[in-house]
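A.B. asks: For the record, the sequence lines run as chains A and B. For the first sequence, the residue numbers in the numbering used here are 1 to 191. For the second sequence, the residue numbers in the numbering used here are 1 to 149.
Hints should not be assumed to be uniformly reliable.
Only some residues are given here: those of chain B computed to face chain A with a beta carbon under 8 angstroms [said to hold, decoys possible]:
1. Ser-6
2. Glu-9
3. Glu-12
4. Ala-15
5. Ile-17
6. Cys-29
7. Leu-43
8. Met-50
9. Ala-88
A few chain B residues that don't get close to chain A, going by computed Cβ distances all over 12 angstroms [to be verified]:
10. Val-8
11. Gly-16
12. Gly-21
13. Glu-23
14. Ala-27
15. Ala-41
16. Thr-58
17. Ala-92
18. Gln-108
19. Gln-118
20. Ser-122
21. Met-129
22. Gln-130
23. Leu-132
Calculated from the structure, these hints are not laboratory results. Glycine included, each C-beta is placed from N, C-alpha and C at the ideal position.
Residue strings, one per chain:
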Amino acid sequence: METTLAAEPASVTEISVAELSDFDAVVRDHRPAVFRFLLASLRDRELAENLTQECFLRAYQARRGFRGSASVRTWLMRIAVNLMNDHRKSARLRFWRRAAETSLDMGFTGDWLADGRSSPEAEASAREQVRVVWRTAAELSERQRTVFLLRFVEEMEIREIAAATGLQEGTVKAHLFRAVDAVRRKLRESE
Amino acid sequence: MNGHLSPVEISEWLAGIRADGAERHVAECADCAAELERASAPLAQFGVAMRAWGAAETPALRAEPLWSAARRRRRFTALRVALAAAAALLVAAPVYRQHQRALEVARQQDEALLEQVQAEVSRSAPEPMQPLEKLVEWNSPTGHAGSSQ
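For reference, chain B alone in the conformation it holds in the complex:
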């Protein structure tokens, strides 16, 4: 590095950019070290003033900050889900029981109907013709009445 730090190199230094040999030069050159200190002073003062101002301006926390509300909302949501599940169970249980009862009644009706159909099918003649059937039996050659003729 030749000569003292240029204004651009001083800005680079303050921005964290180090030109080749700059650090060694600053370590050895009192003028450049002083110039860097002079250049950085307003920036440091600005930081100090801003932090003091910011501290004074920072508002007090709201009665209920958003993240606290979020935390409460999350708990409330969990409670709501639990309550909704319980309510759904309360509603669903009677409906389920009623549905089961209806199924049972339908099953019993089906069975009764099947029995009735079975009875109808097992008859050789319809009910109104059953007396005639008895007469046929009476006149049958194998029947008891026929053998007596």
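Next up, chain A with everything else stripped away, as it sits in the complex:
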């Protein structure tokens, strides 16, 4: 199936293109999500920050070519995914393996979960589940991890993930299924 966003309403296209005219606002609105996605994917704060800068630099340079066939967020995520893939291909960066070995938690301990559960036990259980998901994400293949983070952290639709990754929707679903299944198995094991 060909992935296209051409069927989006014209108003969305117009909004997307108009949104880019104020680039400072684009940075303000989307930089946290791009940085968060790169940080969660790479688990290297400095690299995530550098790639975020690079992402917005590329976007700035390419903004006149943006026709609004996808939302600005999807477009930025596509640039971020491409940058990340370029880094993965470079020989000097075996970062994921290194990151998985040395900086797995990076301060992400599950304590970021908001309080409000019925009991301290339920809260502890929820935090432990979040930690299991975080650790399992590190063990996923790159594509599985990318679609998993885009779906469950960035809350993007399958169609948007397909546009951001350049994959077909069916392929996105297949990667997502494997990622979800792996996470659920780990969760069952941890119970």
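Chain B: place on chain A using the hints.
C.D. replies: Chain B alone, transformed into the frame defined by chain A:
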């Protein structure tokens, strides 16, 4: 669809894949609906925690972000091109004028030389022999001196 959703079908559901009749079954089966909710909760909690963590980790913008530097660089480049063009004009104008002057001098010299050559060619005898030419004229039968002999 027969029976409740299997673990694989629940993972498929969470990945956006719907088996035949699954949606209708979930709509009618409270157990499967509850199981789906239970299965999706850790993923939703993970998203919430990641977004909170990401917000706290997001660094402040650098004093001059790269795209801002690019914007400034582009303006500076345009200025540099304009200055370079002006400098080239300033250098080129005198050189052009000097070149034109040299051409004019060469043209005048050529004209003078041509005039000189023309003068030389129009003489019937070289300059040192011109007195002899006058003598020949003097002794010519058609000449004034000859007729007097």
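A.B. asks: Taking the hints in turn, state whether each one holds.
C.D. replies: For each hint, the structure was consulted:
1. Ser-6: violated (11 angstroms)
2. Glu-9: violated (10 angstroms)
3. Glu-12: Result: holds, 6 angstroms to nearest chain A Cβ.
4. Ala-15: Interface hint status for B/Ala-15: holds (4 angstroms vs cutoff 8 angstroms).
5. Ile-17: At about 5 angstroms, which falls below the 8 angstroms cut-off, the nearest Cβ of chain A leaves the hint on B/Ile-17 intact, so it holds.
6. Cys-29: violated (19 angstroms)
7. Leu-43: Constraint on B/Leu-43 satisfied, holds at 5 angstroms.
8. Met-50: At 4 angstroms from the nearest chain A Cβ, B/Met-50 passes the 8 angstroms test, so the hint holds.
9. Ala-88: violated (28 angstroms)
10. Val-8: The claim is violated: B/Val-8 sits with its nearest Cβ about 7 angstroms from chain A, within 12 angstroms.
11. Gly-16: violated (5 angstroms)
12. Gly-21: With a cut-off of 12 angstroms, B/Gly-21 remains clear of chain A, as the shortest Cβ separation is near 18 angstroms.
13. Glu-23: holds (15 angstroms)
14. Ala-27: holds (21 angstroms)
15. Ala-41: Non-interface label fails for B/Ala-41: nearest chain A Cβ at 8 angstroms, not farther than 12 angstroms.
16. Thr-58: Given that some Cβ of chain A is not farther than 12 angstroms from that of B/Thr-58, nearest at about 5 angstroms, it is violated.
17. Ala-92: holds (33 angstroms)
18. Gln-108: At about 57 angstroms from chain A, B/Gln-108 clears the 12 angstroms cut-off, so the statement holds.
19. Gln-118: holds (68 angstroms)
20. Ser-122: holds (74 angstroms)
21. Met-129: The claim stands: B/Met-129 keeps its Cβ more than 12 angstroms from every Cβ of chain A (closest is about 85 angstroms).
22. Gln-130: holds (84 angstroms)
23. Leu-132: holds (89 angstroms)
Consistency with the previously given hints fails for numbers 1, 2, 6, 9, 10, 11, 15, 16, ordered from lowest to highest.
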